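Peer 1: Chain by chain, the residues:
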Amino acid sequence: MKGEPRSLDVVQRWFQAVVTHPEGIQRGAASPEAQELIRLNRGELEAVVRRSRNLTAAERLSIYANAYYARLLECLGACYPVLKQAVGGEVFDSFAFEYLQRYPSRSYTLDRLGESFARFLDETRPDREAGGGVDWPDFLIDLATFEWTIAKVFDGPGVEGQSLLTPEALQAVPPERFAELRLVPVICLRLLTFRYPVNAYYTAARHAAEGEEVPIPEPAAEHAAVLRRDFVVRRYPLNPAQLALLGKIQAGATVGEAIVAAAATSDLDDDALAAELRTWFRFWSAEGFFQGIAAG
Amino acid sequence: MPVPRLGHANLGLGVGLRSVHFDYILKNRPEVDWFEIISENFVDSQGRPRYVLQQIAERYPVVMHGVSLSIGSTDPLDIEYLKKLKRLAGEVGAKWISDHLCWTGVLGRNTHDLLPVPFTEQTLRHVTERVRVVQDVLERPFVLENPSSYITFQDSTMDEWEFITRLAEEADCGLLLDVNNVYVSSFNHDMDPDAFIRSLPHERIVQFHLAGHTDYTTHLIDTHDHHVIDPVWDLYRTAHQLTGGVSTLLEWDANIPPFPVVHGEVLKAKRFMEDHLPEPEPAAREDDLEVFAAAGPTVFHPLHHIRPEVE
Numbered sequence: 001m002k003g004e005p006r007s008l009d010v011v012q013r014w015f016q017a018v019v020t021h022p023e024g025i026q027r028g029a030a031s032p033e034a035q036e037l038i039r040l041n042r043g044e045l046e047a048v049v050r051r052s053r054n055l056t057a058a059e060r061l062s063i064y065a066n067a068y069y070a071r072l073l074e075c076l077g078a079c080y081p082v083l084k085q086a087v088g089g090e091v092f093d094s095f096a097f098e099y100l101q102r103y104p105s106r107s108y109t110l111d112r113l114g115e116s117f118a119r120f121l122d123e124t125r126p127d128r129e130a131g132g133g134v135d136w137p138d139f140l141i142d143l144a145t146f147e148w149t150i151a152k153v154f155d156g157p158g159v160e161g162q163s164l165l166t167p168e169a170l171q172a173v174p175p176e177r178f179a180e181l182r183l184v185p186v187i188c189l190r191l192l193t194f195r196y197p198v199n200a201y202y203t204a205a206r207h208a209a210e211g212e213e214v215p216i217p218e219p220a221a222e223h224a225a226v227l228r229r230d231f232v233v234r235r236y237p238l239n240p241a242q243l244a245l246l247g248k249i250q251a252g253a254t255v256g257e258a259i260v261a262a263a264a265t266s267d268l269d270d271d272a273l274a275a276e277l278r279t280w281f282r283f284w285s286a287e288g289f290f291q292g293i294a295a296g
Numbered sequence: 297m298p299v300p301r302l303g304h305a306n307l308g309l310g311v312g313l314r315s316v317h318f319d320y321i322l323k324n325r326p327e328v329d330w331f332e333i334i335s336e337n338f339v340d341s342q343g344r345p346r347y348v349l350q351q352i353a354e355r356y357p358v359v360m361h362g363v364s365l366s367i368g369s370t371d372p373l374d375i376e377y378l379k380k381l382k383r384l385a386g387e388v389g390a391k392w393i394s395d396h397l398c399w400t401g402v403l404g405r406n407t408h409d410l411l412p413v414p415f416t417e418q419t420l421r422h423v424t425e426r427v428r429v430v431q432d433v434l435e436r437p438f439v440l441e442n443p444s445s446y447i448t449f450q451d452s453t454m455d456e457w458e459f460i461t462r463l464a465e466e467a468d469c470g471l472l473l474d475v476n477n478v479y480v481s482s483f484n485h486d487m488d489p490d491a492f493i494r495s496l497p498h499e500r501i502v503q504f505h506l507a508g509h510t511d512y513t514t515h516l517i518d519t520h521d522h523h524v525i526d527p528v529w530d531l532y533r534t535a536h537q538l539t540g541g542v543s544t545l546l547e548w549d550a551n552i553p554p555f556p557v558v559h560g561e562v563l564k565a566k567r568f569m570e571d572h573l574p575e576p577e578p579a580a581r582e583d584d585l586e587v588f589a590a591a592g593p594t595v596f597h598p599l600h601h602i603r604p605e606v607e
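Taken in order, these protein sequences are the chains called A and B. Number 217 in the numbering used here belongs to position 217 of the first sequence; there are no gaps in the numbering. Number 553 in the numbering used here belongs to position 257 of the second sequence; there are no gaps in the numbering.
These are computed hints drawn from the structure, not numbers from a lab. One should not assume that every hint holds.
Keeping only pairs whose Cα atoms sit at most 27 Å apart, straight-line, the calculated DSSO-like set for lysine-lysine is [stated by the list, open to error]:
id, chain 1, residue 1, chain 2, residue 2
1, A, K152, A, K84
2, B, K379, A, K152
3, A, K152, B, K566
4, A, K248, A, K152
5, A, K152, B, K380
6, B, K323, B, K566
7, B, K564, B, K323
Since the model is a prediction, treat every value here as computed from it, not as a measurement.
Start from the sequences, fold in the hints, and give me the full structure.
Peer 2: Structure below.
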């Protein structure tokens, strides 16, 4: 030991700058951020870190640098397994590597590591500066959004152990009062709209054999509902009328107001729509879409 | 003079709770003495992980083990995180809460790694003060673990065991002695692991960790993906004799085998608790691991992504 030890703050900021540098620890130590803290010439890392019998200071620091990216890339891959499968591991990791530069973790939990990934894909889409014309990034963004939603619904608030609105309770409402009802959706219900059929793709990818390639679909609008029941995430394709109906109910409208919105998006005549509505409400209440009927 | 284990119970031989074993444990109710949870996998959960934990906590003693406290960082302590730990500890009746003598990031960032501190007087004062704050907030026994490390700093003015000893005594906290980490760090830093263990304040050791690691010839990495190797069991025997026996926990975090294999691994500890027992069988048997072998190198990360269950 020569002289006074450096302050802990300086050592930690230097260490972090070095081991998280995207181009490795030598570039990290040479970076302005690190040099401002501890000025070192190339080959002087041993002024800060001791060598061992077997490894130089640079080799030892590289263990941390390699582990940093390997660990976080693996975690992001685990957050977005279907997206990773869709684009391939190498492409996914290159996205994820860049993502970590832009959105490094700032939380105590790795559960939030991927929360800005869809935003990142949107911010860095290749057509953003080239004047448009490329729409495949929409598929990646939609799929990332979908997988993130599933993860949040899986571990977010739910209604397990609580009583829900049953089809029988809904059927017991006098017909003349039905339109005035305000239904309370379960807290875990998410309504989603995509530019690509990512819910269908998600199903296909999950059923694919290992190594089987699932072709990326053509663009087509897709709507879906996601919720959790018995701690398992459930997915439901929705048509535009169903989306309009549930969207209005989720926004606090009466059933009557929601039906008006659904009718405006449906090609069905009134009788056919009325028959469909009965089926939909029976199905949704059986599947646990609604917590109950709002008081008053 | 502190009493053995600082007066805390010897819970016996426990297993680190991992999500891949949830169904097995709930269905089979294995005769495990206790479970240790990774705190961060549960503090925010409002879904199945928390539900499973509640059921396990009704049946088994639970200890909370964290990876994000960052006790050695110069960033401020995350008081909201500490409050969440405290709340969860109350819910599951955690016997104590532990984390590592390390830092995980500065300037608001989290590398999600257990980074080493220089062993200096300044670091000692800094960490001691923070341990006191943590204990005040948690109002529950707090225990610090020696992490595996891969570098040492030129600035260090004392050995790791001296730092740990002074920290535990000045902050009046317990220690979680990770026997495998002693072995890994000692190999990596050309230290004597036996001297490391013999130099600690044994009455402050509340818990042991055991795990496997990966040998890269020039260095060892704490991967938690293998059986415990014989030299680590030898250190465990020494630690057991020096402490009189404390709660012992096996961690297995990658290439995780079925629960009975993990449980069986920690039960091997019984062979090392009594001197008169015959020499143990070789602990690592490659054929045991055949079905769990990874295709590539393992990167240890203590926070498991719990795969959503989706229909």
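Peer 1: Report the numbers of all earlier hints that the structure fails to satisfy, in ascending order.
Peer 2: 3
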